[in-house]
Structure formats: C-alpha cells, structure tokens
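Colleague: Could you build all of it, start to finish, from the sequences and the hints given here?
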Amino acid sequence: MSLEGLYQEIILDHYKSPRNQGKLENPDINIFESNPLCGDEICIHGKLDGGLVKDIRFEGKGCSISMASASMMTEVIKGHGADHAKKYIDGIKAMMHGEEKLSDDELGDMEALKGVADFPARVKCALLAWTTLEKALNQKTDPKGR
Amino acid sequence: MLKKDDSTPPSAPQSRAAFLPFDPVDLRGRFPVLSRQYDGKRLVYLDNPATTQKPRSVIQALTRYYETYNANVHRGAYRLAEESTAAYEGAREKVREFINAESVEEIIFTRGATESINLAAFAWGRSFVSEGDEILLTEMEHHSNLVPWQILAQEKKALLKFVPMEPDGTLDIRKVADLLTKRTVLISFTHVSNVLGTINPVRQIADLAHSAGAKVFVDGAQGTPHLPVDVRDFHCDFFAFSGHKMCAPTGIGVLYVKKSVLEHMPPFQGGGDMIRQVFLDHSTWNDLPWKFEAGTPDIAGAIGLGAAIDFLKSIGMPAVREHEKRLTRYAVDKLRQSRGITLYGPLDPDRRGGVVSFNVQGIHPHDLATILDRESAVAIRAGHHCAQPLMKKLNVAATARAGFYVYNVEDDVDRLILGIQRAQQIFKVPA
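Line by line, the protein sequences are chains A and B.
If you count the first sequence from 1, position 134 lands on 134 in our numbering, and the numbers rise without skipping.
Basically our numbering = 1-based index in the second sequence + 146.
These are computed hints drawn from the structure, not numbers from a lab.
Predicted model, so just to flag it, every value in this text is computed and none were measured.
Be aware that a few hints might be false.
Distance windows between CB atoms, simulated [to be verified]:
hint, chain 1, residue 1, chain 2, residue 2, range
1, A, Gln-21, B, Val-575, 12 to 22 Å
2, B, Lys-539, A, Thr-131, 24 to 34 Å
3, B, Gly-486, A, Glu-106, 32 to 42 Å
4, B, Arg-272, A, Asp-90, 27 to 37 Å
5, A, Ala-94, B, Gly-441, 39 to 49 Å
6, B, Asn-216, A, Leu-37, 30 to 40 Å
7, A, Thr-131, B, Arg-378, 44 to 54 Å
8, B, Lys-328, A, Glu-134, 51 to 61 Å
9, A, Gly-108, B, Val-575, 18 to 28 Å
10, A, Thr-131, B, Met-463, 45 to 55 Å
In the EDC-like style, the derived pairs of lysine to aspartate or glutamate whose C-alpha atoms are separated by at most 20 Å in a straight line are [unchecked claim]:
hint, chain 1, residue 1, chain 2, residue 2
11, B, Lys-187, A, Asp-83
12, B, Lys-538, A, Glu-41
13, B, Lys-404, B, Asp-519
14, A, Lys-124, B, Asp-519
15, B, Lys-538, A, Glu-33
16, A, Lys-23, A, Asp-55
17, B, Lys-539, A, Glu-41
18, B, Lys-574, A, Glu-9
19, B, Lys-574, A, Asp-55
20, B, Lys-538, A, Glu-59
21, B, Lys-574, A, Glu-4
22, A, Lys-101, A, Glu-111
The beta carbon of each residue, even a glycine, is placed where N, CA and C say it ideally should be.
Modeller: Right, here's the structure in full:
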C-alpha cells in the first residue's frame, strides 16, 4: 500500500477538522488513555441512556491516524447502542490484521483506515481510540464495575 | 590518521572532503547496514541517539570471539579461558583509557547506561541516602536518569529537586548553585541532552556540587559516543554510558565509579564471580570491580565494545566532534531556512551535540517519520524520546529528532529537508 493509501483526503480532513471534539458535562463515560510508546493521548467522554450512547466527545494529542480514527469513531458510535459499538470495535481491530468483518457500507469513512494495516508501526495509532472506548464500555457493563 | 579495518577501498576524494578531518563516505562503507536501500534509495539513518550502526570490525570481533575463543571468564584453567579472560579484561582497559579513569578497578561492565544508573541508585543510594536528603536532577533528564532516583527517593523518603531548563534549552549554573543545600547528597544530570543536544558544563556543575558536599553522577549516554570524555577532568564520582550508542553491540554498558566512592559501596546483585568466599550463612566479596559483576557477564559485548573504542580512536574523538558540529550547523541552518519548522535546543553549535529536535507545523512527528521513511528512506525518531517531563516543559506532545554520527554527510541532511517538503505536500501545508 502506498503512502497515498495511508494519508487519504478523508483522513486528513478528520485530522484537520475533527468531529465531536471536546468534553461533556457530567459524563457517564470519562476515560483517559495514552500510548506509552509514543505519548499519544486521548480522553473520551460519553453520555449513556439505557443501552444507548447518547453523546460522545473526544480530546487528544496525537498523529493524524490516531486523531482521525477517534473522530470517525465518535461519528459511528453516537446515537447507537453498546452492541453497535462493540461490533465496530471488533471490526476495526480485525481490519488492522487485514480481516474484513465490516462491509464497505458499514465502514463509510473508516474504509480509509484500511491502509494502516500495511504500516505495522502505526496500527496502535489507529486503535488507540477504539481500545480506549472498549475499556470504558467493559467497565460500564461489568456488574462489579459500580 | 584513519586505520583501515577491512579491505574496503577508499572512495574517490570529494571536493569537500578536504575540509573534513576524515571522509565520512569512506567510513560509511565500513557499516554493512548502511549499504541497504529501500525502493532504490540509499538508507539515510538519522536515529543515532537511539542506537548507532555497527562497523564491520565490531561485528568481526564478535564472530571471532564466538568462533575461536569462546569460554567463560575468570575461572577456566585452560588456554581458551585464558584467552577470553584476557580479551574481556583487555576491553576493560580500553574503556578505562577511553574515558581516562585512573584504574580498571573503577570500570564496571553493565547492560547499558540504564543498568549503570540503577546499580548506583541501588548500591550507593540504599547505603548513603537517608530520610530528608535531597537528590538534585534536571528537567532535561531521560527517564533512565529520573525513574531510578524516584524509586530510591520514595523508599528512603528523600526529596527530588530539579534544576529548571532555560527557554533556550540550557541550564543556568546559578540556579544549580541555588538549589544545592546542606541536604543535597547527589546531583545527577546528563552530559548531553538526548532531545535538545544541549552540552552541559559538567566540570562547573561538579565543582559546585562537591563544594556543597554532594556526589556527582553524569549520564554520559549521549556524550561518550560523540565527544572526548575525561572523567578525571570532569571531577565526577559516577559516569554511565551504553555501548550500543557508540558502534558497540546492544547489551553492554559501563558504570565508572571513583574508587574512593566505590570502595564503600555494598554489592548490587549477588551470585557467581562477585564473591570471595561463600558460607551457608554469609559471604565475602570479590575485589573491585568484579564485586559488582555477578554472574557470567556479556563477554562478547565487552569485546565488541573494545573493538568499537578501537574504531572510534582510529578516527579520533575530537574529529568525531568536529564532524558532527559541522553537520549540525548545516542541518540547523537548513531547517531554519525552511518554512513551518520549530527548532528546539540551543542554536549555537558549540553548545550542542549532533542532535536536532524539531516540529513541522501541521504535521505530527509520527506522520512525518512515516512519510520520511516510506518516501525518502530517511529514518528519524518521532515521539517523546523517553523524556516526558521535558516534552511537557516544551509544551509539545512529541518532536521529530534527527541525530548524526560519523557516517552521516550533508547529503543526508538534504534528503531530510526534501523529505520534509514532501510531507508538507502530502499534508497540504505551505512548504
């Protein structure tokens, strides 16, 4: 995969104009994670309503891949249930190993992240937001969690 | 004068070679990895502060050891072991001479600078640091010269203090003086910053610290490969460095401790080779320096380090420094002429080693590193460089870093600059 495959227009667009950036008042989800290898940081805030992710915002410092991936994630998760989120978390993780669990229709903008699989050093960047959200959701659904 | 270490013919003299103390293109031919190409482009390796490439003479020294005289040291009553012991201890003498220590008793082989610092924090720190004592560090330290002291300070209820970094990336010697108190037992600081390239005035700081009654630890990981080092002239009590950042294999490093300090230190690790007599309930310790080298050491690594020192001495450390200074000036000038570049660290080449950290506006260093690699076959570092507190001080999450060594040339800098312009194109930021 060429460099153009990695740095597609859509990635640069999400990087330069991230969607759902910021914080939420009294969030139900409030999680901070960093990648100790490179220092990338992300903070995810979420509002839950029953099983629904009513609102989700993120803030972070990182490369175009990690920030674009986070931006895309908020778009696809917002307004849907936790099952929907988990399906996408699994799908994006699999995609980083070259596995296709989500159709191009389901992927939408995130199809642009497919190219990351060819850059092993950058897979962690693309997954930072997703593994962080997964951790937050697991804490919420763990009966011992609260 | 450059000594040939293999049969590589010297390359044709170049016009600018006349101004150089040695021919780096010729030198490059002695590093097998540097003949690699990606997509038909010669690899430009600029991640030297992380680790350097290895010359053929060092690789051959390892092979020769394993193929002709591999045996454990210090115990075999046969000629093979006598040969390996002589080579291992011979390497120690080479290290002693290289850093001008007084005696080989002061040279301890470790896994690297990190283990050297941990050894001192454990063996010296646990005996000589008490509750309420102060350890003075600086804001520009690598995690390896911070975390071991944090662990020690927590255990001993000692206090860590930090010399602040000036906006130009240097230390203000007056602030060092102000921070030294009656309770300061140690100052530990880097010779050369791995992020900013700043060369700290070791002797000046050491003398200040000693007059306050503190011991002096110098992290020489980024200095020893690039500048002449003289631990006696530095007046330091401890000095640490890694082999792999100066052409030697990974897994070997050195801790120098002044004998008058080392004599009072209890052992670091227990085990074979570090003992004199062992009883069921207690043991007595071996002589210096072996008291601090438990277990079978990295014999091949030490021999490789000796070969690396031979290699560097054949060039001459003043020449190495001169070459890197010239290249750093060239790189700093080129980067300053480029658009959208923020440079960190002192601009005066006399005050900095061959490390250049920078950021390109609108492009995260990781993206820059990926593009430089894939488009231009230029290998640089991107990230926090194991100096997260320093990154916070600079108010950045990460920087890009290019570091030079004996085999780098001006063309490598030009390739870096062109690669940055290509990244600016891809990210559509003005170049």
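Colleague: Range hint 32 to 42 Å: satisfied by the CB atoms of Gly-486(B) and Glu-106(A)?
Modeller: Holds, at about 38 Å.
Colleague: Is it true that the CA of Lys-538(B) sits at most 20 Å from the CA of Glu-33(A)?
Modeller: The hint holds at about 17 Å.
Colleague: Below or equal to 20 Å on CA atoms is what counts here, so check Lys-101(A) against Glu-111(A).
Modeller: holds, 12 Å
Colleague: Is it true that Gln-21(A) and Val-575(B) lie within 12 to 22 Å of each other by Cβ?
Modeller: holds, 20 Å
Colleague: Between Lys-404(B) and Asp-519(B), is the straight-line Cα distance small enough, at 20 Å or below?
Modeller: violated, 44 Å
Colleague: Holds or violated: Lys-23(A) with Asp-55(A), Cα cutoff 20 Å?
Modeller: holds, 10 Å
Colleague: Okay, Gly-108(A) versus Val-575(B) on CB: inside 18 to 28 Å?
Modeller: holds, 26 Å
Colleague: Does 39 to 49 Å hold as the CB distance between Ala-94(A) and Gly-441(B), or does it fail?
Modeller: Holds: the Cβ-Cβ distance is about 44 Å, inside 39 to 49 Å.
Colleague: Could you tell me whether the CB distance from Lys-539(B) to Thr-131(A) stays inside 24 to 34 Å?
Modeller: Hint holds: Cβ distance 29 Å, inside 24 to 34 Å.
Colleague: Is it true that the CA of Lys-538(B) sits at most 20 Å from the CA of Glu-59(A)?
Modeller: This hinted pair holds, its Cα atoms lying about 17 Å apart.
Colleague: Is it true that the CA of Lys-124(A) sits at most 20 Å from the CA of Asp-519(B)?
Modeller: Cα-Cα ~18 Å, so holds.
Colleague: Confirm or reject the claim that Arg-272(B) and Asp-90(A) have a C-beta distance inside 27 to 37 Å.
Modeller: violated, 49 Å
Of the numbered hints stated above, those contradicted by the structure are hints 4, 11, 13 and 19, listed in ascending order.
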